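Peer 1: One letter stands for each residue in the lines below.
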Amino acid sequence: MTSEAPKKHLNAFSLLYYAYKAVLNWGVFAIIVLPAQRTHFLAALVTLIFLIIAFSLLKFFFFTYQISDEMLTINSGIFVKRHTHIPYGRIQTVQRSQWFFLKPFQLEQLKIETAGHESHRPEVVFPVVAESVREAIEQKRLALGKADQKSPTAVQGITPTKATPIQSTAVRQEYQINPHDLNIFALTSFGILPLMGILAAIYGKIQEYIPQQFLNTITKEIVSQSILIISVAVVLIVIIAIAGSYLSLVQKYYQFTLTSTGDQLRTYQGLLQRKSVTIPINRIQALRIKQNVLRQWAKLATIQALAASSAGDDDKGNDMMILPVIKSHDTFDRLKPFINWVPTHFVQLNKIPGKTGFILSVTPC
Amino acid sequence: MTEGTHLPSKIKRVWQVSAFINFAIWLAIGIGCYLGLKFLHWEWLFWPGIGFGAIAIIDLIFELILVPYRYAFWRYRLTDDAVELQSGYIFKKMVSIPIARVQDVTLSAGPVLQSQKLQKVDVTTASTSHKIDGLEPQVAEQLRKQIMRLAVEVKENDV
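Protein chains in written order, with the UniProt record's numbering: chain F, 1 to 365; chain P, 1 to 159.
So here's chain F without its partners, still in its complex pose (with noise of 0.2 Å):
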């Protein structure tokens, strides 16, 4: 090896990160096993956490990392002992995310995502580490950019544009969005759909733990008034989810930020849990502009980058949010100062004439 860089463990804060994905992953089968075992529960519920911590102590012990000068190397693995080798020229997106009870320890998770094939997870996931790494792992970054940029230049001496040095820390434009439009793109997302039938699900389930007894004197009373009682109902859990979808999604997209330094976009998101996403602007793939039927009303757009990895959303489709919600006349003047390679209209759709238009013209060309 070249330059054999230091083993660096991660945070002790892992540790307990460890400890809840054990729970989570056993915590069904703890559920099948504890309460079939009466006499030994208490062995049995004592086996389990020591296992849990057993495994997340070794877990802990085994994960180490290496910044060295080309690239990152992330040890990990209890049995299968596994090397992985990330050159920092490989790199697409670094995702951050801070809880808010991790700020103050200037820890937070952090996720780095080449465009290799394996791309429903992160190449690299550090589940809580000092925020210094992330900084250490970009301007390693940068250095092997600049290396990288001065060769040519020096060479061919034809584009002085391109030789001046790129200010990659001074920040260069900043949107930011506008609490007004916040609110809209909440009011305007259908995840109140999905929402909504989870609580009708849960609203069910209710209904079926309460006693059947305790149930039929209700009912007896109450019979003449069903209709009411369902329908108040059915308004509550319309208003619950309306709420809740509303809530979410402002949380989410709380005080987004999106910023261009030099070659890199970066977004910064959410209330509770503080999310950022960075990615080069050459390893954008495409952009992508969406409107629900809502908010085509609404003459709200919202702008997606897609990248070769599967940064952003977990939940919404894998793209990188770059402007949540903008007003589709503006999209691209507004995206202009970001991306410089952003067409400047809309391709208008010609409707065909004649008997055949209709269909036709639905399929954009």
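Calculated from the structure, these hints are not laboratory results. Be aware that a few hints might be false.
To be verified - Listed next, the in silico DSSO-like pairs over lysine-lysine satisfying Cα-Cα at most 27 Å (straight line):
1) Lys275/F x Lys327/F
2) Lys117/P x Lys8/F
3) Lys131/P x Lys111/F
4) Lys38/P x Lys93/P
Because the structure is a prediction, the values reported are computed rather than measured.
Position chain P against the provided structure of chain F, taking the given hints into account.
Peer 2: Just chain P now, with coordinates in the frame of chain F:
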């Protein structure tokens, strides 16, 4: 391509051991079925039990027979800018991976590989991942270095 390098001969032992491990797993399922039949009187488990037992034995025999064959025709070659993998005789397959396209390299070793001091190498490109079942640590290290060197050099046709 006849010039490639064979995998280290210790890999045969690894394949044999993993064949026995597979055998043990199938057999365990079969025995589980038998126990269910015997003690819980789940009659429907009779044929599945026989099936799993048969799979265990057939799988073991075939895997053991195929070990020398696999070894004989599995070759790899490291050139300056590509990794070439070739396997099989009846079903020939040859893969060349341009090193410039490699996204990341993972070296891993389970208990069996560790006992033979070998490492499995996974080479991931943007579209697929290719694995080399086992390499000597020095060769794996050399491969890794080469890939890293090219990955740092090549920026033009980057993903």
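Peer 1: Take the hints in turn and mark each one as holding or not.
Peer 2: Verification of the hints:
For a cut-off of 27 Å, the pair hint linking lysine 275/F to lysine 327/F stands: about 24 Å separates their Cα positions. Under the criterion of a C-alpha separation no larger than 27 Å, the hint pairing lysine 117/P with lysine 8/F is consistent with the structure, at around 24 Å. Distance restraint check for lysine 131/P and lysine 111/F: the Cα-Cα separation of roughly 24 Å lies within the 27 Å cut-off, and the hinted pair is therefore satisfied. Of the supplied pair hints, the one linking lysine 38/P and lysine 93/P is violated, its CA atoms being roughly 47 Å apart against a limit of 27 Å.
The structure shown violates just one earlier hint, number 4.
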